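**Student:** Sequence:
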Amino acid sequence: PEKLPSGLEVSHINLNDQTVEGFRHKDLPLFTIQYHSEASPGPRDNEYLFDQFIDMVEDFHG
Numbered sequence: 028p029e030k031l032p033s034g035l036e037v038s039h040i041n042l043n044d045q046t047v048e049g050f051r052h053k054d055l056p057l058f059t060i061q062y063h064s065e066a067s068p069g070p071r072d073n074e075y076l077f078d079q080f081i082d083m084v085e086d087f088h089g
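One gets our numbering by counting positions in the sequence shown from 1 and adding 27 to each.
Since the hints were made in silico from the structure, they are not lab data. Be aware that a few hints might be false.
Unchecked claim - Using C-beta positions, here's what the derived DEER-type ranges look like: (1) Gly-69 / Glu-29: 25 to 35 angstroms; (2) Leu-55 / Asp-78: 14 to 24 angstroms; (3) Ser-33 / Tyr-62: 19 to 29 angstroms; (4) Asn-43 / Gly-89: 37 to 47 angstroms; (5) Met-83 / Tyr-62: 16 to 26 angstroms; (6) Gly-89 / Glu-29: 33 to 43 angstroms; (7) Asp-78 / Asp-54: 17 to 27 angstroms; (8) Thr-46 / Gly-89: 30 to 40 angstroms.
Computed from a predicted structure; not experimentally measured. Every residue, glycine too, gets a C-beta built ideally from N, C-alpha and C.
Make the full structure from the sequences, and use the hints.
**Tutor:** Dropping the structure here:
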């Protein structure tokens, strides 16, 4: 995209059409993806996303 709101950065780009598939916030515990992570080709290809989510929840609840 030409411009995202302050604090957001693109984290995932579609290799086929260059569309944004995910972004994250630089300071807040926030990220998103626009595809089905559980439908990845390999059983652990997107495991890092679930790990990242769990880490965010644990950090937030300290």
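**Student:** Would you mind marking each hint as holding or not holding in the structure?
**Tutor:** For each hint, the structure was consulted:
A beta carbon spacing of about 34 angstroms between Gly-69 and Glu-29 agrees with the range 25 to 35 angstroms that was offered as a hint. Roughly 18 angstroms separates the CB atoms of Leu-55 and Asp-78, a value that falls within the hinted 14 to 24 angstroms. At about 25 angstroms, the CB distance of Ser-33 to Tyr-62 agrees with the hint of 19 to 29 angstroms. At about 40 angstroms, the CB distance of Asn-43 to Gly-89 agrees with the hint of 37 to 47 angstroms.
Between Met-83 and Tyr-62 the CB atoms are about 19 angstroms apart, so this pair conforms to the stated range of 16 to 26 angstroms. Between Gly-89 and Glu-29 the Cβ separation comes to about 37 angstroms, which falls inside the hinted range of 33 to 43 angstroms. A hinted range of 17 to 27 angstroms holds for the C-beta pair Asp-78 and Asp-54, which are about 20 angstroms apart. In this structure the hint that Thr-46 and Gly-89 lie 30 to 40 angstroms apart at CB holds, the actual value being about 36 angstroms.
The earlier numbered hints are all upheld by this structure, with none contradicted.
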